[in-house]
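Protein chains: 6
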Amino acid sequence: MFLHTVFLLSFLLSTSHATVQDFCVADLKSADGPAGFPCKPAAKVTSDDFVFAGLTETANVTNIINGAVTPAFVGQFPGVNGLGLSAARIDLGPAGVIPLHTHPGANELLLVTQGYILAGFISSSNVVYQKLLKKGELMVFPQGLLHFQIAAHKRKATAFAIFSSANPGLQILDFALFASDFSTPLITQTTFLDPALVKKLKGVLGGSG
Amino acid sequence: MFLHTVFLLSFLLSTSHATVQDFCVADLKSADGPAGFPCKPAAKVTSDDFVFAGLTETANVTNIINGAVTPAFVGQFPGVNGLGLSAARIDLGPAGVIPLHTHPGANELLLVTQGYILAGFISSSNVVYQKLLKKGELMVFPQGLLHFQIAAHKRKATAFAIFSSANPGLQILDFALFASDFSTPLITQTTFLDPALVKKLKGVLGGSG
Amino acid sequence: MFLHTVFLLSFLLSTSHATVQDFCVADLKSADGPAGFPCKPAAKVTSDDFVFAGLTETANVTNIINGAVTPAFVGQFPGVNGLGLSAARIDLGPAGVIPLHTHPGANELLLVTQGYILAGFISSSNVVYQKLLKKGELMVFPQGLLHFQIAAHKRKATAFAIFSSANPGLQILDFALFASDFSTPLITQTTFLDPALVKKLKGVLGGSG
Amino acid sequence: MFLHTVFLLSFLLSTSHATVQDFCVADLKSADGPAGFPCKPAAKVTSDDFVFAGLTETANVTNIINGAVTPAFVGQFPGVNGLGLSAARIDLGPAGVIPLHTHPGANELLLVTQGYILAGFISSSNVVYQKLLKKGELMVFPQGLLHFQIAAHKRKATAFAIFSSANPGLQILDFALFASDFSTPLITQTTFLDPALVKKLKGVLGGSG
Amino acid sequence: MFLHTVFLLSFLLSTSHATVQDFCVADLKSADGPAGFPCKPAAKVTSDDFVFAGLTETANVTNIINGAVTPAFVGQFPGVNGLGLSAARIDLGPAGVIPLHTHPGANELLLVTQGYILAGFISSSNVVYQKLLKKGELMVFPQGLLHFQIAAHKRKATAFAIFSSANPGLQILDFALFASDFSTPLITQTTFLDPALVKKLKGVLGGSG
Amino acid sequence: MFLHTVFLLSFLLSTSHATVQDFCVADLKSADGPAGFPCKPAAKVTSDDFVFAGLTETANVTNIINGAVTPAFVGQFPGVNGLGLSAARIDLGPAGVIPLHTHPGANELLLVTQGYILAGFISSSNVVYQKLLKKGELMVFPQGLLHFQIAAHKRKATAFAIFSSANPGLQILDFALFASDFSTPLITQTTFLDPALVKKLKGVLGGSG
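If you read the protein sequences in the order shown, they are chains G, A, L, B, V and Z. Under full-length UniProt numbering, the first residue of the first sequence carries the number 1, and numbering increases by one thereafter. Under full-length UniProt numbering, the first residue of the second sequence carries the number 1, and numbering increases by one thereafter. Under full-length UniProt numbering, the first residue of the third sequence carries the number 1, and numbering increases by one thereafter. Under full-length UniProt numbering, the first residue of the fourth sequence carries the number 1, and numbering increases by one thereafter. Under full-length UniProt numbering, the first residue of the fifth sequence carries the number 1, and numbering increases by one thereafter. Under full-length UniProt numbering, the first residue of the sixth sequence carries the number 1, and numbering increases by one thereafter.
Calculated directly from the structure, the hints in this document are not laboratory data. No experiment lies behind these values; they were computed from the predicted model shown. Treat each hint with caution, since some may be false.
No distinction is drawn between identical chains; accordingly, a pair holds when it is met within one copy or between any pair of copies.
[What the hints assert, rightly or not] Calculated lysine to any residue pairs in the SDA-like style (CA-CA distance at most 25 Å, straight line): (1) K134 to T70; (2) K134 to Y116; (3) K154 to T188; (4) K135 to Y116; (5) K154 to T62; (6) K131 to S47; (7) K131 to I64; (8) K44 to S208; (9) K199 to R155; (10) K154 to E57; (11) K29 to A43; (12) K199 to Q189; (13) K134 to K202; (14) K199 to D49; (15) K29 to G203; (16) K131 to S30; (17) K154 to A43; (18) K199 to D48; (19) K154 to A42; (20) K156 to D27; (21) K156 to S183.
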């Protein structure tokens with residue numbers, strides 16, 4: 001009986017599992033495609049591929065926004081490839097701010113793990129949905145909408161954002177406008193902002209044009 | 001033989017098509033769901049449900065942007081419900097501008113049908129991709145990224161945008177910031193814009209807070 | 001100029017946004033469908049719909065597994081409807097265990113927020129991938145595969161699980177076998193378990209048949 | 001210990017499963033939507049909802065094609081709603097034919113269970129892929145492409161088609177052309193067929209116009 | 001402050017954007033997969049990749065159908081790879097016809113840009129939905145259903161078709177039957193068409209068998 | 001006229017079909033990705049790629065379960081790549097059993113082709129749905145849920161399972177627990193099973209740890 005079972009088992013394994021997998025750990029050295037990266041061969045996959053330890057530490061927030069975003073997207077965490085999930089850690093000093101931004105490719109679920117965060121998003125109908133969140137509270141931000149997070153109550157704060165894609169993207173409004181080579185005349189034409197202000201912010205953020 | 005055929009036909013029609021359809025024209029009076037609106041009963045669907053005549057005319061562009069966007073989303077064109085497609089007409093007077101905006105729920109394919117349009121988008125990596133388009137040219141804008149269209153060569157222009165969703169959404173940056181009740185202190189905190197400028201633009205666009 | 005702008009804005013709002021939304025907060029009183037629940041009308045949606053405060057407290061773990069799972073699926077958190085995301089809080093006393101289980105409808109991303117957790121899953125090829133996780137570490141569990149979490153180092157632990165569906169499901173192996181009315185003869189035939197053991201575990205977990 | 005366990009179990013069941021399900025048996029009396037029909041309440045779902053007994057018998061094939069297609073789409077088999085699967089039984093008398101047809105909404109996997117079937121499809125590149133199939137053999141037909149099945153070797157044959165949608169659709173070329181009210185002038189313009197032949201076939205199949 | 005900001009920016013760019021993109025311009029030299037082609041490296045992507053200028057000119061329509069279809073599918077326009085959109089230009093001389101055809105892999109949105117077009121499709125229930133369209137009007141054709149376009153009012157006409165896939169496919173009924181090597185006996189068996197007519201049309205369209 | 005037509009045809013074929021296909025037969029020698037394997041070049045695809053003859057014979061069932069599962073997943077049947085369909089043949093001797101198992105990546109439609117099969121699944125709510133099936137009857141098993149099949153009425157039985165994925169996966173509960181290197185202490189902690197029983201079953205099924 002033992003041999004027969006092992007025979008069945010071997011048969012199932014050898015034929016059905018030789019080439020396909022339950023998961024698809026990214027082979028980041030290959031070109032990605034619309035659905036993600038090619039899979040690392042199953043034989044080379046280990047437990048470590050499914051674990052990411054890069055979000056355990058508080059990031060340095062001594063910068064202009066008094067905050068930092070540390071991503072665990074597929075580029076950093078190959079195990080999420082094809083699974084429709086990824087994450088980022090948000091660290092904020094007192095009154096730290098994650099400026100207005102969007103994730104063009106994913107919805108977001110925010111979990112506050114320390115302090116208080118005022119978070120909000122603006123809908124296509126120009127309605128602002130915002131809330132002061134405390135530790136353990138969750139807030140969702142629908143895909144592609146402008147949103148922000150601010151540490152409240154003069155305390156530092158930490159949160160984890162989980163995205164509905166392994167590759168959510170991150171477009172920070174100020175960086176798109178003022179840290180790019182988007183020309184000042186085009187910015188003023190398409191935003192009604194003042195040229196002097198645009199130039200000043202480009203100076204701070206490193207934009208050209 | 002004739003009777004048998006008709007019998008087969010009737011059988012197929014009565015059993016397989018009584019309750020399901022090849023399409024799902026939106027019943028806009030019912031609540032929508034994540035995949036769209038419930039379907040109008042097949043018996044009430046006519047050719048007109050698959051046709052939209054609301055984009056035939058040039059829109060009035062005597063406004064601040066010298067331009068207009070006329071949507072043919074599922075709310076206007078119920079026939080696209082569930083089909084992953086919708087459209088909008090863009091009319092621009094000479095030097096008219098469609099200000100920076102995103103479609104949070106869809107990719108966009110732009111087709112210029114009159115004049116010249118300078119169009120561009122900014123990626124998550126803060127790279128600007130822009131091009132002067134002429135009649136008959138196409139440009140794609142990936143989902144959720146900031147983009148703009150400007151009539152060029154001092155001539156009026158027309159284009160049609162086609163979206164990869166029946167409900168693409170439309171978030172116009174200036175309206176989100178300055179035509180909403182997003183508070184001025186929060187705007188300045190999350191964008192680094194000058195409070196005086198924010199207040200001025202709110203005055204123009206009707207925002208509060 | 002002001003009037004023209006407001007006119008444009010009103011036009012866009014009234015025509016394109018009357019019936020469609022960027023989100024779809026669940027109307028839990030209506031029947032759900034394959035893609036989720038019908039949407040609550042936009043006019044009744046408030047900031048609170050996007051926030052969930054039910055995972056802020058440590059759950060009572062004085063039970064047989066010395067652990068608890070508190071869900072924030074669409075049934076508890078209507079704001080995640082249609083967004084491909086939901087969450088659960090895992091509380092474990094010292095040596096507490098979340099027994100072998102699957103989420104038939106979602107991939108899972110686990111974030112440890114307190115203590116140490118030994119977590120693992122078994123693939124279709126019968127390979128066990130397991131790892132001792134500490135605070136801030138992430139582990140991903142592909143959809144439908146058996147997995148477990150155990151508090152390690154004799155300390156209590158907390159984690160948050162985020163799922164790639166608003167309705168991930170939760171099939172706990174022991175409950176499926178021993179807390180259901182799955183008949184003992186069928187269990188022994190389909191698992192090779194001993195009838196005496198099956199009856200004993202049914203006694204503990206409340207199963208019949 | 002027993003009480004604690006049951007408490008945990010009850011908690012999980014009452015909170016996480018009150019409103020959501022692992023499946024979505026169609027409530028055919030409600031309007032369907034793009035993703036299928038609303039779900040029957042879980043409390044009313046029984047084992048019978050997951051079983052379909054309508055394909056057990058050989059269909060009457062005394063008709064013009066000496067064949068019959070009996071569907072088990074969502075309209076007949078509500079249990080497949082939302083599951084991306086449905087089926088049909090194909091019965092053929094000796095030399096019976098399922099005429100050229102497409103399934104606009106699904107790929108098809110054909111399983112021959114009796115006799116011999118010559119089956120084939122034509123690609124967008126106008127290449128014909130055809131094969132004589134025997135009992136137990138499978139053939140796959142990509143979505144939306146014209147295909148056919150013919151009983152071979154002068155014997156009756158049976159097959160089961162499984163589709164990648166609960167609502168695959170079925171467009172039979174001859175019925176679309178000659179059993180509809182597609183006008184004869186339009187048919188001849190769009191197919192190059194001879195008007196006399198069109199009228200003759202309309203006479204046989206019941207078309208008008 | 002400046003340095004800190006640039007540091008944050010650099011960090012975000014280098015870690016999160018090194019390997020993933022907001023878009024996936026097709027690398028047509030690599031093998032495609034079910035979701036499309038592998039992506040061209042981001043560093044090699046330019047504005048030109050998002051623009052297609054191949055539909056600006058009227059195609060030559062001096063042929064049997066007095067019409068032409070010029071595709072801008074992913075094979076011609078690599079920028080649409082993975083975006084669920086593509087296009088084609090339809091040119092028709094007076095009374096020109098795009099014969100009955102299907103797109104097996106996409107829904108279609110037709111925009112008339114010149115003249116008058118009579119367009120229609122046939123459903124799985126053998127109902128014909130047709131309409132005379134004028135400039136600026138839109139019509140949708142659900143995936144996989146037979147449809148046609150004819151220039152009306154004795155004038156030439158132009159339209160643009162937009163598809164819900166980068167690779168919609170195009171199966172022209174007459175070409176599938178009469179320009180392929182589909183054997184005449186099989187055609188007559190599966191369509192009821194007359195062998196003499198089949199042979200005649202094969203002669204015109206170049207089919208064999 | 002003939003030349004013009006052929007010209008049109010050639011044009012369409014050469015431009016639109018040079019690089020894209022209606023199907024994507026797996027090139028199993030290349031690495032797969034989240035959506036499946038890269039496509040074999042169209043020029044090398046033949047009718048045989050769409051046909052699978054590996055399920056025509058009754059499998060050897062002289063083993064511990066008196067049954068066998070023979071897969072026709074993408075690894076065996078490359079033609080189903082990207083089509084959302086695959087199959088398996090189930091052979092059972094009298095009283096043969098396919099033990100409790102899940103398909104983590106697909107829904108299943110079971111078709112009995114010989115004998116009687118008692119089949120059932122257990123939901124997330126721990127409800128057992130089971131039914132005695134006879135020849136020609138269908139039963140669906142929603143994705144990721146534990147299910148089983150047993151030959152009934154002391155007769156051998158055959159069934160075909162069709163899956164909603166080309167790569168459904170197969171996790172057999174007993175093999176996951178007792179044919180893997182899942183350690184006995186972890187098994188007993190996460191299942192409440194008796195260590196002695198675990199060791200005995202590991203001995204039979206070949207597990208270690």
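Against the structure, the hints:
With identical chains, the CA atoms of K134 and T70 are at most 25 Å apart both within one copy (21 Å) and between copies (18 Å). Taking the closest pair of Cα atoms, K134 and Y116 come within 25 Å of each other both inside a single copy (5 Å) and across two copies (23 Å). For the homomeric pair K154 and T188, the shortest alpha-carbon distance between copies (18 Å) is at most 25 Å, but the shortest distance inside one copy (35 Å) is not. For the identical chains of this complex, K135 and Y116 are neighbours both inside a copy (7 Å) and across copies (20 Å), given an alpha-carbon limit of 25 Å.
In this homomeric assembly, K154 and T62 come within 25 Å of each other (Cα to Cα) only inside a single copy, at 16 Å, whereas the closest approach across copies is 37 Å. Taking the shortest Cα distances, K131 and S47 sit within 25 Å of each other only across copies (7 Å), while inside one copy they are farther apart (38 Å). With identical chains, the CA atoms of K131 and I64 are at most 25 Å apart within one copy only, with a shortest distance of 24 Å there and 33 Å across copies. For the homomeric pair K44 and S208, the shortest alpha-carbon distance between copies (21 Å) is at most 25 Å, but the shortest distance inside one copy (45 Å) is not.
Taking the closest pair of Cα atoms, K199 and R155 never come within 25 Å of each other, the shortest separation being 33 Å inside a single copy and 29 Å across copies. Taking the shortest alpha-carbon separations for K154 and E57, both the intra-copy value of 21 Å and the inter-copy value of 23 Å come in at or below 25 Å. Taking the shortest alpha-carbon separations for K29 and A43, both the intra-copy value of 17 Å and the inter-copy value of 15 Å come in at or below 25 Å. Taking CA atoms no more than 25 Å apart as the test, K199 paired with Q189 passes in both settings, with 14 Å inside one copy and 19 Å between copies.
Taking the shortest alpha-carbon separations for K134 and K202, neither the intra-copy value of 34 Å nor the inter-copy value of 31 Å comes in at or below 25 Å. Within a single copy, K199 and D49 get their C-alpha atoms no closer than 45 Å, and across copies no closer than 30 Å, so neither meets the 25 Å cut-off. In this homomeric assembly, K29 and G203 never come within 25 Å of each other (Cα to Cα): the closest approach is 36 Å inside a single copy and 42 Å across copies. In this assembly of identical chains, K131 and S30 lie within 25 Å of each other by CA distance neither inside one copy nor across copies; the values are 42 Å within and 27 Å between.
Within a single copy, K154 and A43 get their C-alpha atoms no closer than 50 Å, and across copies no closer than 34 Å, so neither meets the 25 Å cut-off. For the identical chains of this complex, K199 and D48 are neighbours neither inside a copy (47 Å) nor across copies (28 Å), given an alpha-carbon limit of 25 Å. Taking the shortest alpha-carbon separations for K154 and A42, neither the intra-copy value of 48 Å nor the inter-copy value of 34 Å comes in at or below 25 Å. In this assembly of identical chains, K156 and D27 lie within 25 Å of each other by CA distance neither inside one copy nor across copies; the values are 37 Å within and 36 Å between.
With identical chains, the CA atoms of K156 and S183 are at most 25 Å apart between copies only, with a shortest distance of 22 Å across copies and 36 Å within one.
The structure does not agree with the numbered hints 9, 13, 14, 15, 16, 17, 18, 19 and 20 stated previously, though it agrees with the rest.
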